[in-house]
Amino acid sequence: MLHITTLHYLVLGAALFLLGVIGVLTRRNVVIVLMSIELILNAVNLNLVAFSRYWQGIHGPTALHGQVFAIFVITDAAAEAAVGLGILIAFFRNKETVNVDEVNLLKW
Amino acid sequence: MFLSHIYLIPLFPALGAALMFFFGRKLRKPTVSAVCVGSVVLAFLMSCGAVLEYTTWAAEHHDQPYEKILYTWLGTDTGHLNYLKSDGTEAPVQADAGFLLDPLSSIWLLFVTGVGMLIHIYSTGYMAHEGGYYRFFGYLNLFMFSMLTLILANNYVLMFVGWEGVGLCSYLLIGFYFHRKSASDAANKAFIVNRIGDAGFLLGMFFIAWHMGSLRFIDVTHAARSGQFAIGDPLITAATLLLFVGACGKSAQLPLYVWLPDAMEGPTPVSALIHAATMVTAGVYMVARSNALFVLAPKSMLVVAIVGALTAVFAASIGLVQNDIKRVLAYSTVSQLGYMFLALGVGAFSAAVFHVFTHAFFKALLFLGAGSVIHAMSGEQDMRNMGDLHKRIPTTHATMFIATLAIAGIFPFAGFFSKDAILWETWSREGGAYRILWCVGYATALMTAFYMFRLMYLTFHGRPRMSHDVEHHIHESPMAMTLPLVVLAVMSLFAGFLGWPHSLGGSDHFTKFLEPVFAGEAQTLSEEGRAAQLAAGEKEEEKNTSAEWLLMGLSLAAAGIGWGMAWRSYRHADKGYAEPIANLSAPVYTTLLNKYYVDEGYDYVFTGRRPVGDVRLGVLGAGEASSWIDTHIIDGAVNAAGSITRGTATFSSWWDKWIIDGIGVNGPAILARMLSYPARLFEWGLVQWYALVMTAGLVGFAFYYVYH
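If you're matching them up, the sequences are chains G and B in order.
Just so you know, the numbering used here puts the end of the first sequence at 108, numbered straight through with nothing missing.
Just so you know, the numbering used here puts the end of the second sequence at 708, numbered straight through with nothing missing.
Worth double-checking, as some hints may not be accurate.
[Stated by the list, open to error] 25 Å max Cα-Cα, derived SDA-like pairs, lysine to any residue: (1) G/95 - B/686; (2) G/95 - B/683; (3) G/95 - B/691; (4) B/299 - B/433; (5) G/95 - B/684.
Simulated from the structure, these hints should not be mistaken for laboratory data.
Bound-form chain G, shown alone (with noise of 0.2 Å):
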């Protein structure tokens, strides 16, 4: 039987992070853009469980630290999703779009 090891759980992550990555570069609508990130997030997110769980093998079951890490970050991400959508909605009030390309004022 298969077994699942740490090293799927990262090659995992790193596909998310690498689609994250991608759909920040390159998709113009602020929207999928956010998406994207939360992807990274959750990337991130993946690995940190999987470290937890390879350090549960190691110390014991109380090891839980990368799990409290991941709970952290899915705090930290709703909180940015809020922020972002909220200033988003603020922007598209003003520029009636939403197309990451527009969104260009913050040069000299």
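Here the structure of chain G is known, so what remains is to put chain B in place on it, guided by the hints.
Just chain B now, with coordinates in the frame of chain G:
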């Protein structure tokens, strides 16, 4: 009771004046008359009471002057305020609000309030139809207050207050018709010329304070008679000369007499009160008051006598040909004041005071009479346009005739006694040293008779020369005006009897009354000395009586000759009548008519109103010179300083704008801006590009760490 409340005498007119100034505008004419005349009547009654009380008081107090000090006005009671005297000791600065009554001030008090009262009554008639009625009476009352302060002051400082006060009132009243330029000019002239005299008075006062250590009359007189100052003391000579400068200003003596004839621009009652009877005698009063000092300064006395005699003859000669009725009287006043100073100068103080006394009545009468004539003539003052008035205004004529007899010195009118006393004293004093001055005085007496009778004949006799309109309106003045004339005429007749001389079997009460004031020298003599002098005097007197009679005869002859000449020349004066002096010598006549061109001369030399060539001298010249210095030198320096400041400011502004701001401040900013252009290129604003660069960087780092 009157003596202890002597301060009430000046207070009444002061209250009257205050009332006029604050409420006069709202009061009706009868109220104004009642208040202002009433205040002077009260002052007169108080004065009579005070003088009567004083005579009994003095009999009990060795003829001392009565002094009443209300409070210390200047300085401190404790004497903390000291100054250094000429001898190196200290004396306190002090002047009291104090009153002094002695025979001298008594006489002035009586005739000032008496004549003043009559003139106030007269003014109610004369000014009845004039505007500014309350203003006129307010000024008159203020004048009475100032004059009474001057007379009753117990020290020079308070006297000076009154002195300035009468000067101010004189100014205000000469300029009463201020809408007329000639009147306001005359007022200014009087005020300014008097300032010159006042400066002398002030300086004289300082000398007295410096040398004698006090300005109280009693102290000064006491110190002067104590024998601690030598006769001819230079400081006392200086002080008395300076005081005399003050007297020259106020009493219109050469060379400061020029304001008095012009002062005739004022209403006629003012001329009578201020410029004939009272104020102009203030100089005589001041010199008489300082007699103890003048006695110590023979040189000053000589100056006084000479100036007096010259003024007398000078003014009388001008009076010979003047055509304005008031101007003749003005020059007559100057001339008579000259007589008074002649008497003061030869040391005949009581004769001078006697002449002041009699002159006050007949000269006030002459002026008031002239006012009545002018009133009747609808404002005409030129005698060439008068004539034949004696039947139409008989009261004025009769009273003025009495005054003319008095001033001409006809026996037994008042002027005879006083003028004769002066001439006799001038003749006999100092063993006849002043006989040249007597000749001058004698000539003046002749001229006086001539110009006064000329005035009478031209005004009241001859052919009528006025226009028909004026002739139609001629009328005798109202009761309020004629009554004072009659009273003054009575006084002009009888006032002289007070000084009926010994040589005519009289007892000369006047001189005896004044003895405590002027007999200072006698007090320093010992008993034996006095007896010897008396014995010598008696022997002398017998010899003198005949000489005195001779002189009286000569005076009467002079008066008679003057009268006769006037009678011959002007009795039948018709239009275009001939002036005898013009027939005699035309240049002399023109010179006299133009008053010796003194005003013109003063305009050349002192005022500078007439330029000499292209240059102005005098005050206006000094003004022009200082104006030139101001515009060219002072203003030039100011403008130069301004230009320099402006130049440096322009440069400084340029420096600030271009160097400090340009190079120092904007320079670095421009540099920073230039450097920013390449840096800006990194910032083009596309978030995903930034992210891509970051990612590329990360990947780069990753590769580097992995494969290094």
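Going straight from one Cα to the other, do residue 95 of chain G and residue 691 of chain B come out at no more than 25 Å? holds, 22 Å
For residue 299 of chain B and residue 433 of chain B, compute the direct alpha-carbon distance and say whether it is at most 25 Å. With a Cα-Cα distance of about 14 Å, the restraint between residue 299 of chain B and residue 433 of chain B holds, given a limit of 25 Å.
CA of residue 95 of chain G to CA of residue 683 of chain B, is that 25 Å or under? holds, 21 Å
Distance restraint between residue 95 of chain G and residue 684 of chain B, which requires alpha-carbon spacing of 25 Å or less: Judged against 25 Å, a Cα distance of about 18 Å means the pair holds.
Does residue 686 of chain B sit within 25 Å of residue 95 of chain G, going by the straight-line distance between their CA atoms? Holds, at roughly 15 Å.
When each numbered hint is compared with the structure, no violation occurs for any of them.
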